[in-house]
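Order-wise, the sequence lines are chains U and W.
Heads up: the first sequence runs through residues 1 to 304, numbered per our numbering.
Heads up: the second sequence runs through residues 1 to 323, numbered per our numbering.
Check each hint, because a few of them may be wrong.
With beta-carbon atoms standing in for the labels, derived distance ranges [said to hold, decoys possible]:
#1 W:Ser69 with U:Leu62: 40 to 46 Å
#2 W:Ala36 with U:Ala37: 43 to 49 Å
#3 W:Ile18 with U:Gly264: 53 to 59 Å
Okay, the calculated bits of chain W under chain U, using three or more residues with CB under 8 Å as the criterion [unchecked claim]:
#4 67 to 80
#5 209 to 222
Read the hints as simulated data drawn from the structure, not as lab findings.
Cβ coordinates follow ideal geometry from the N, Cα and C atoms, glycine included.
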Amino acid sequence: MTTNAADVERPAAPPAFQHLGFARKFKNHLATTVFTAAFVIAVIPLLWVLITLLQRGLAPVLSSTWWTHSFNGLLPTDFGGGINHALAGTLLEGLICAVISVPLGVLVAIYLIEYGQNSRFAKVATFMVDILSGLPSIVAGLFIYALWITTFGFNRSGFAVALSLVLLMVPVVVRVTETMLLIVPDELREASYALGVPKWKTIVKVVLPTALSGILTGVMLGLARVLGETAPLLILVGYSSSISYDMFGGELASLPLTIFMERGTGTAAGDARMWGAALTLVLVIMLINLVASLLSRLFAVKTK
Amino acid sequence: MSAPEAPPADEPKKVVRIGDRAFQSLATGSGIFVVALIAAIGIFLLIRAVPSLQANQVNFLFSRVWDTSDPNELSFGIADLAWVTVASSLVALVFAMPIACGIALFLTQYAPRSLARPFAYIVDLLAAVPSVIYGLWGVLVLGPVLKPVALWLNQNLGWIPIFADGNAPADGGMNIFTAGIVLAVMILPTITGVTREVFQRTPKAHIEGAQALGATRWEVVRTTVWPFGRNGFIGGSMLGLGRALGETVALTVILSTVNSGPNFSLFDVGATFASKIALGSGEFNNNMQVGAYISAGLVLFVITFAVNALARWIESASGKGKS
Numbered sequence: 001m002t003t004n005a006a007d008v009e010r011p012a013a014p015p016a017f018q019h020l021g022f023a024r025k026f027k028n029h030l031a032t033t034v035f036t037a038a039f040v041i042a043v044i045p046l047l048w049v050l051i052t053l054l055q056r057g058l059a060p061v062l063s064s065t066w067w068t069h070s071f072n073g074l075l076p077t078d079f080g081g082g083i084n085h086a087l088a089g090t091l092l093e094g095l096i097c098a099v100i101s102v103p104l105g106v107l108v109a110i111y112l113i114e115y116g117q118n119s120r121f122a123k124v125a126t127f128m129v130d131i132l133s134g135l136p137s138i139v140a141g142l143f144i145y146a147l148w149i150t151t152f153g154f155n156r157s158g159f160a161v162a163l164s165l166v167l168l169m170v171p172v173v174v175r176v177t178e179t180m181l182l183i184v185p186d187e188l189r190e191a192s193y194a195l196g197v198p199k200w201k202t203i204v205k206v207v208l209p210t211a212l213s214g215i216l217t218g219v220m221l222g223l224a225r226v227l228g229e230t231a232p233l234l235i236l237v238g239y240s241s242s243i244s245y246d247m248f249g250g251e252l253a254s255l256p257l258t259i260f261m262e263r264g265t266g267t268a269a270g271d272a273r274m275w276g277a278a279l280t281l282v283l284v285i286m287l288i289n290l291v292a293s294l295l296s297r298l299f300a301v302k303t304k
Numbered sequence: 001m002s003a004p005e006a007p008p009a010d011e012p013k014k015v016v017r018i019g020d021r022a023f024q025s026l027a028t029g030s031g032i033f034v035v036a037l038i039a040a041i042g043i044f045l046l047i048r049a050v051p052s053l054q055a056n057q058v059n060f061l062f063s064r065v066w067d068t069s070d071p072n073e074l075s076f077g078i079a080d081l082a083w084v085t086v087a088s089s090l091v092a093l094v095f096a097m098p099i100a101c102g103i104a105l106f107l108t109q110y111a112p113r114s115l116a117r118p119f120a121y122i123v124d125l126l127a128a129v130p131s132v133i134y135g136l137w138g139v140l141v142l143g144p145v146l147k148p149v150a151l152w153l154n155q156n157l158g159w160i161p162i163f164a165d166g167n168a169p170a171d172g173g174m175n176i177f178t179a180g181i182v183l184a185v186m187i188l189p190t191i192t193g194v195t196r197e198v199f200q201r202t203p204k205a206h207i208e209g210a211q212a213l214g215a216t217r218w219e220v221v222r223t224t225v226w227p228f229g230r231n232g233f234i235g236g237s238m239l240g241l242g243r244a245l246g247e248t249v250a251l252t253v254i255l256s257t258v259n260s261g262p263n264f265s266l267f268d269v270g271a272t273f274a275s276k277i278a279l280g281s282g283e284f285n286n287n288m289q290v291g292a293y294i295s296a297g298l299v300l301f302v303i304t305f306a307v308n309a310l311a312r313w314i315e316s317a318s319g320k321g322k323s
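With these hints in hand, go ahead and build the complete structure from the sequences.
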C-alpha cells in the first residue's frame, strides 16, 4: 500500500477492511501458523546436525588421547589417535590469515568511511567488497593456485591456504568495521580535530578504539567462518596425519581436511575419527564465537 | 600532535601533515588493492585457462565429455557440470525461498520483540556450521531419510522429466534432490538475513495506516510489508543462489559418485563446477590439466560475479524507490 499524493486527495471510500468474517479470521490464523512453522522448520536441521554430531562424535572426542595425540601411524582400521595435528594446522592457518586480513580489512573500511565517503572510487570498492563476499571458496583456492603456485612457483602449503582464506575473510572484516565506524559519533571526531589532532591520529587513537569491540567481534566471526572452509584446502595443501608446523612446504593437516580425508577410509574407525573431527571443528567455531561475544562485552564502549 | 608539519602546500592555510598523507595513502591503497584483487582473480584465471582452452579437442561450452587424463589430448566441456550446478541450486531455491520469507516475516512481524533477536541468532547459527559437516549430514543422515520421498516422486511423477530415472537409482539418497535440500539449509540464513532487514524497513506509517483501516495482521503483511520488501527478498534470494552455485564440499561429498553423464533428472549424481575442481585436485600436476579445471573455475567466477552483482543491484534499488 504505497501512499501517493493522489490517494490522499481521493475522498474516503468505505473502510478498506470491513467486517471481520470467518474467511479473514481464518486466513489470518493460517498465515500466523505458516510463518511460525517456517521458523520451526529452520530450527529442525540445526538441531538435527548438532545432535548427529554429538551422537557420533562425542565418543572419540572424549577418548583419552583425542586432544593430546595425532593420527600418526594409525592404520585406517585402528581406533584411537587424536586431533592434535589438525587442530595445530587449522589454528596456524587461521592465525596467518587473520594477521593479513585484519589490517587490510580495517584499512579498507577506514578508506571507505573516513576518506572515500561517497566518491566514485569508494562506490566501486564497496561493490568489489560485496563481490568478494560472494566469492566461492573454491575460486579463491584456484586463484591462489594460479598465482602462488603456478605463477610464482611456490609449493602447495599451509601458507597458500592462509592466503586463500584471506580473500574470504577480508570482506567480513571490512563489512563489520564499516558498520562500527559509521556508528562512532561525529562529535568525537570533531572534538579531536578541535584539539588540533591530525586526522590520522584521530582515526587511530579515537575512532578505532571506540569501534574496537565491534571490530574484534567481527574478526572472530570472520575467523570462525573461514576455519570451516574445506574447498581451498583440497587444492592448496596435502593432508598429513602427523603434526607439522611447516607452513611453507609439505603437508599440513587441518580439521576440515581431516574430516574429508577420513571419509575416504570407509572404515568404522575412520568414521569415528571423522565425526570426532567434525565435532571438534564445531566446538572450535563455537569457542571462537563465544570469545567474540565476550570480547564485545569486555571492550564495549561505555555509552553515556 | 607531534606530527611534523610539511612546508605550506599549494593551498594556503591548509596544513598538510606527513602522517595524514601516509595514512590516507595506506587506506586508499588498501581500497585500490581490494579492487585490483577482483580484477586479478579474473585475469589470472583467464591467463591460466586460455592455453588449455586452445588445446581443447571438444567444444568447451556444449560438450559433455570431461577427460583431462592426457595433457596432450585434453577434451573437456562444461555442459554436464552446468546442469548439475544449476539444477541443485534451483532445487535449493525452491525450498529455501518460501521458508526464508516465512522466517523473515515471523521474525519481523510476529515474534515477540524480546525474542526476535535470539530467534534471528538461531537462524544465523545455520551459517556457522561448516559446509563439510552439512555434506556429511546430507549423505549419511538426511539422504537415507529422503530415500522414500525420492522413490515416491520417481514412481508417481516419473513422467515429468526431472523426476524420471537419473543416472543413479532413485533410492540411492545421494543425488541432486538431496544435495538441493542440503543447499537450501545452507543458504537459508543468507536469504533470511537480507529479507528480514528489508521487511524491518517497512515504513511505520504504511503499517499503521493499514491497521487503522482495520486490517488483520495478515492483511498488514500482504498490503504493506510484502510489497515494500518484495524486491529485497528477490535480491536476497539471488545472493543465496550465488552461494549455492559456488558451494563445493557439501556437494562433493553428496554427489561425487563416479557415474555416466546425467540424464537431466533430479535423481542424477555428478559434479558441479565447484565439486569437479575439488575432485580434480588430485590431477593437479600439469599446467594444461590444471588449466582445464581453471577454465571451469573461471566460468563459475563469472556466473557468481553476475549473480551477486545483480543481487546487490536489486537490493539497493529496492531500498531507494519506495521509502
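Outcome of the hint check:
1. W:Ser69 with U:Leu62: 40 to 46 Å: Distance hint for Ser69 of chain W, Leu62 of chain U holds at roughly 45 Å.
2. W:Ala36 with U:Ala37: 43 to 49 Å: holds, 47 Å
3. W:Ile18 with U:Gly264: 53 to 59 Å: holds, 57 Å
4. 67 to 80: n = 0 at 8 Å, threshold three: violated.
5. 209 to 222: holds (count 10)
Of the numbered hints given earlier, the model fails hint 4 alone.
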